[in-house]
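Chains A and B, in that order, give the protein sequences. The opening residue of the first sequence carries number 1 in our numbering; numbering runs sequentially from there. The opening residue of the second sequence carries number 1001 in our numbering; numbering runs sequentially from there.
In case anyone wonders, no lab produced these hints; they're calculated from the structure. A few of these clues could be false.
Unchecked claim - In silico lysine-lysine, DSS-like type, Cα no more than 27 Å apart, as pairs:
1) Lys-1018/B with Lys-36/A
2) Lys-51/A with Lys-1022/B
3) Lys-36/A with Lys-1041/B
4) Lys-70/A with Lys-1022/B
5) Lys-59/A with Lys-70/A
As the list claims (entries may be wrong) - In silico negatives: residues of chain B with every beta carbon more than 10 Å from chain A:
6) Leu-1011
7) Pro-1042
8) Thr-1100
Note that the structure is a prediction, hence the values are computed from the model and not measured. C-beta atoms are modelled at their ideal positions from N, C-alpha and C, and glycine is treated no differently.
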Amino acid sequence: GQQVMQIPQYQHVQEGEDFTTYCNSSTTLSNIQWYKQRPGGHPVFLIQLVKSGEVKKQKRLTFQFGEAKKNSSLHITATQTTDVGTYFCAGLTGNQFYFGTGTSLTVIP
Amino acid sequence: ETGVTQTPRHLVMGMTNKKSLKCEQHLGHNAMYWYKQSAKKPLELMFVYNFKEQTENNSVPSRFSPECPNSSHLFLHLHTLQPEDSALYLCASSQETGTTYEQYFGPGTRLTVT
Chain A
1 GQQVMQIPQY QHVQEGEDFT TYCNSSTTLS NIQWYKQRPG GHPVFLIQLV
51 KSGEVKKQKR LTFQFGEAKK NSSLHITATQ TTDVGTYFCA GLTGNQFYFG
101 TGTSLTVIP
Chain B
1001 ETGVTQTPRH LVMGMTNKKS LKCEQHLGHN AMYWYKQSAK KPLELMFVYN
1051 FKEQTENNSV PSRFSPECPN SSHLFLHLHT LQPEDSALYL CASSQETGTT
1101 YEQYFGPGTR LTVT
């Protein structure tokens, strides 16, 4: 069946360091979305990527969709304590989004 | 505030109880979803409704029964649950299913089955 895996599962960084999470699908995706869930909160939509090789930026966050549309990454430059949370990718196959396992980010002040 | 509300926020129930979770969206969306979020597991899609019609049922046990009376309201009826059903149950909505529509999540109901 469809699987969307994310690595790493957990990441601890010093404030100011960079952070990257990777999302890998067993099948080709139509598009991919990224969500952030703060501790005790609910997932909040960040961005959507549709085109092969697409790169989008939101301030310190850079999102990339692989050429084969089977993987994606989220890179945060110079992390801040407000970046703490779990980052999920969600890949669209057919008419359904499959959420990744998530990467939990801890930022040490 | 995302425009999706869920009640109750916390629920403790015994295995023989019957309870219902409620979700309401104020965004004018046509699709609504139930997800289960357990520790160390990905979000599990349970049910999808598009224009009040159920379009997905991902092999969810019959002790979970959804109801969608209109595009703004979604219920999850619970009965004879098991301890492993304890989790955060999230409701979400989107303009329609699939394609380019982002999902807006509610705050969730934290369910504990004793």
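Hints, one by one, checked against the model:
1. Lys-1018/B with Lys-36/A: violated (33 Å)
2. Lys-51/A with Lys-1022/B: violated (37 Å)
3. Lys-36/A with Lys-1041/B: holds (16 Å)
4. Lys-70/A with Lys-1022/B: violated (36 Å)
5. Lys-59/A with Lys-70/A: holds (25 Å)
6. Leu-1011: Non-interface label stands for Leu-1011/B: nearest chain A Cβ at 16 Å, farther than 10 Å.
7. Pro-1042: Violated: least Cβ distance 5 Å, not greater than 10 Å.
8. Thr-1100: violated (6 Å)
In summary, the structure is inconsistent with hints 1, 2, 4, 7 and 8 from the numbered list given earlier, while agreeing with the others.
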